[in-house]
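A.B. asks: Starting from the given sequences, assemble the full structure and let the hints guide the process.
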Amino acid sequence: MVKLKKNTNGAQEHMVIASSLIRKRINSVISKGSIGRDKVIALTNDVKNFLENLLIGDKLENLILTQPEDLTSLIRGISINYPNFINPNSDENLLLRNVFVVHGYNHDDFDKLEFIKRINVDTCPYCNRSYIYYLSRVGKIKPQIDHFYPTNLYPFLALTFYNLIPSCQTCNGFGAKEGNCPILHDMINPYLIENEDFEFTYKIKHINFLNPLMDKNSVELLMRRKIDGNTKILKLDQLYQQHSDHLLELIIKSKVSYSDKYRTYLKSYAGLKFNNSEIDRMILGNYSEEDDIHKRPLSKLYQDIGLSLGLIKRSTQ
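In this note's numbering, the protein residues as written are 1 to 317.
Everything labelled a hint here was simulated from the structure, so no lab data went into it.
Don't take each hint at face value.
Calculated lysine-lysine pairs in the BS3-like style (CA-CA distance at most 27 Å, straight line) [what the hints assert, rightly or not]:
id	residue 1	residue 2
1	5	112
2	142	235
3	216	253
4	24	39
5	295	232
6	140	295
7	216	226
8	255	267
9	313	205
10	253	203
11	295	5
12	5	313
13	3	313
14	24	59
15	295	117
16	5	24
17	313	216
18	5	267
19	273	295
20	39	203
21	5	142
22	3	205
23	226	205
24	232	203
25	253	267
26	5	226
27	6	112
28	24	3
29	216	255
30	112	142
31	203	313
32	255	140
33	59	32
34	253	295
35	267	313
36	59	48
37	142	6
38	3	112
39	235	6
40	117	142
C.D. replies: Structure representation (structure tokens):
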């Protein structure tokens with residue numbers, strides 16, 4: 001729903017940390033020849049060859065920096081050459097999870113909060129309904145990060161930069177994205193979507209003119225355009241039906257002269273200078289520029305409906 005922009009500098013910074021963690025663990029596993037204490041799993045020839053190959057030249061770094069448009073072909077290549085790698089019950093999969101997840105993604109040296117800061121996004125790109133931060137049980141602010149290609153199937157992508165998607169607890173939780181394979185469900189990585197791939201519209205069922213704000217069921221929020229795989233797995237249609245009160249307020253706001261009067265008032269307000277984008281933001285009650293969609297929940301909804309109703313227009317200022 002919200003396009004993530006590629007971040008070459010952030011990816012390079014991440015690669016330095018991630019490659020150090022993985023390289024250290026690969027050397028340890030190869031040296032020992034196994035993982036585990038209570039349940040020892042011996043290093044198989046396929047995993048050994050795969051890991052040793054990653055230590056040659058920049059191959060490990062290239063894995064971490066694989067571009068989002070190349071991830072599916074990378075998966076297919078590895079799946080053909082090493083089919084057991086993507087079997088969650090195989091020893092090969094468990095060995096790779098130990099290297100890339102347990103001693104990589106889950107390692108304390110991988111600071112997830114710093115990782116999110118590099119991406120510079122505040123709301124969930126899957127739904128744009130919620131912020132990506134939550135309070136842990138000990139009161140620390142933590143981000144949610146989804147592996148677009150899940151680690152139970154593709155553990156070798158656990159620290160690949162463009163496979164790590166900031167998300168909210170709802171989209172990353174049980175009953176939504178969780179361990180679903182995007183290849184099977186035709187989902188598209190947020191780095192590869194465009195904001196116009198999703199577009200909100202609406203239908204008015206009836207309006208209670210005596211008290212219009214009290215009946216949010218009088219309007220229906222619809223999607224004119226959507227990516228079917230993302231929408232189905234993330235249940236976006238159902239979730240956005242819960243936000244029809246926002247839609248109703250925007251419709252009512254568009255029916256009064258409030259917008260024109262307020263715009264004129266702000267432009268002439270003594271001591272303050274507002275550009276058109278800032279005035280649009282105050283009228284809309286949310287960010288009005290496409291580049292700012294990620295900054296606040298529901299901004300995609302507000303912008304699409306606001307443009308449709310004529311509350312705002314795209315500004316070049």
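A.B. asks: Confirm or reject each hint.
C.D. replies: Structure-based check of all given hints:
For a cut-off of 27 Å, the pair hint linking residue 5 to residue 112 stands: about 18 Å separates their Cα positions. At roughly 24 Å between alpha-carbon atoms, residue 142 and residue 235 fall within 27 Å of each other, so this suggested pair holds. Straight-line distance between C-alpha atoms of residue 216 and residue 253 comes to about 14 Å, which keeps the hinted pair within the 27 Å bound. Between the alpha carbons of residue 24 and residue 39 the distance comes to roughly 22 Å, so the proposed pair stays at or under 27 Å and holds.
A hinted pair counts as satisfied when its Cα atoms are at most 27 Å apart, and residue 295 with residue 232 qualifies at roughly 24 Å. Our distance criterion of 27 Å between C-alpha atoms is met by residue 140 and residue 295, whose separation comes to about 21 Å. Our distance criterion of 27 Å between C-alpha atoms is met by residue 216 and residue 226, whose separation comes to about 23 Å. Between residue 255 and residue 267 the alpha-carbon distance is near 21 Å, which keeps this suggested pair within the 27 Å criterion.
For the given pair, residue 313 sits about 26 Å from residue 205 by alpha-carbon distance, which is consistent with the 27 Å threshold. With a C-alpha separation of about 16 Å, the suggested pairing of residue 253 with residue 203 holds against the 27 Å cut-off. In summary, the hint linking residue 295 to residue 5 is supported, as the alpha carbons are separated by about 14 Å, within the 27 Å threshold. Under the criterion of a C-alpha separation no larger than 27 Å, the hint pairing residue 5 with residue 313 is consistent with the structure, at around 23 Å.
For the hint linking residue 3 to residue 313, the alpha-carbon distance of about 20 Å falls within 27 Å, and the restraint holds. Only pairs whose Cα atoms come within 27 Å are accepted, and residue 24 paired with residue 59 is accepted, the gap being roughly 15 Å. In summary, the hint linking residue 295 to residue 117 is supported, as the alpha carbons are separated by about 13 Å, within the 27 Å threshold. The straight-line distance between the Cα atoms of residue 5 and residue 24 is roughly 30 Å, outside the 27 Å bound, and the hint therefore fails.
Distance hint between residue 313 and residue 216 is fulfilled; the C-alpha atoms sit about 25 Å from each other, no more than 27 Å. Proximity of residue 5 to residue 267 is assessed by CA-CA distance (about 33 Å); at most 27 Å being required, the pair is judged violated. Of the pairs offered as hints, the one joining residue 273 and residue 295 holds, with about 23 Å between alpha carbons and a cut-off of 27 Å not exceeded. The straight-line distance between the Cα atoms of residue 39 and residue 203 is roughly 59 Å, outside the 27 Å bound, and the hint therefore fails.
The hinted pair formed by residue 5 and residue 142 meets the criterion: a straight-line CA distance of about 22 Å does not exceed 27 Å. Straight-line distance between C-alpha atoms of residue 3 and residue 205 comes to about 32 Å, which puts the hinted pair past the 27 Å bound. For the proposed pair residue 226 and residue 205, the alpha carbon gap of about 22 Å is at most 27 Å, so the pair holds. A hinted pair counts as satisfied when its Cα atoms are at most 27 Å apart, and residue 232 with residue 203 qualifies at roughly 21 Å.
Restraint check for residue 253 and residue 267: satisfied, since their Cα atoms lie roughly 19 Å apart, inside the 27 Å limit. Using a Cα cut-off of 27 Å, the hinted pair residue 5 and residue 226 holds, with the two alpha carbons roughly 19 Å apart. For the given pair, residue 6 sits about 18 Å from residue 112 by alpha-carbon distance, which is consistent with the 27 Å threshold. For the hint pairing residue 24 with residue 3, the CA-to-CA distance comes to about 34 Å; that exceeds 27 Å, so the pair is violated.
Proximity of residue 216 to residue 255 is assessed by CA-CA distance (about 16 Å); at most 27 Å being required, the pair is judged to hold. Annotation: proposed proximity of residue 112 to residue 142 holds, straight-line Cα distance about 8 Å (limit 27 Å). At most 27 Å may separate the alpha-carbon atoms for a hinted pair to count; residue 203 and residue 313 meet this at roughly 21 Å. As the CA atoms of residue 255 and residue 140 are separated by approximately 44 Å, the hinted pair breaks the 27 Å bound.
Restraint check for residue 59 and residue 32: satisfied, since their Cα atoms lie roughly 22 Å apart, inside the 27 Å limit. Restraint check for residue 253 and residue 295: the C-alpha separation of about 23 Å stays at or below 27 Å, so the hint holds. Taking the CA atoms of residue 267 and residue 313, the gap is about 16 Å. The hint holds against a cut of 27 Å. For the hint pairing residue 59 with residue 48, the CA-to-CA distance comes to about 15 Å; that is within 27 Å, so the pair holds.
In summary, the hint linking residue 142 to residue 6 is supported, as the alpha carbons are separated by about 23 Å, within the 27 Å threshold. A hinted pair counts as satisfied when its Cα atoms are at most 27 Å apart, and residue 3 with residue 112 qualifies at roughly 20 Å. A hinted pair counts as satisfied when its Cα atoms are at most 27 Å apart, and residue 235 with residue 6 qualifies at roughly 26 Å. The straight-line distance between the Cα atoms of residue 117 and residue 142 is roughly 12 Å, inside the 27 Å bound, and the hint therefore holds.
When the structure is compared with the earlier hints, violations turn up for hints 16, 18, 20, 22, 28 and 32 and for no others.
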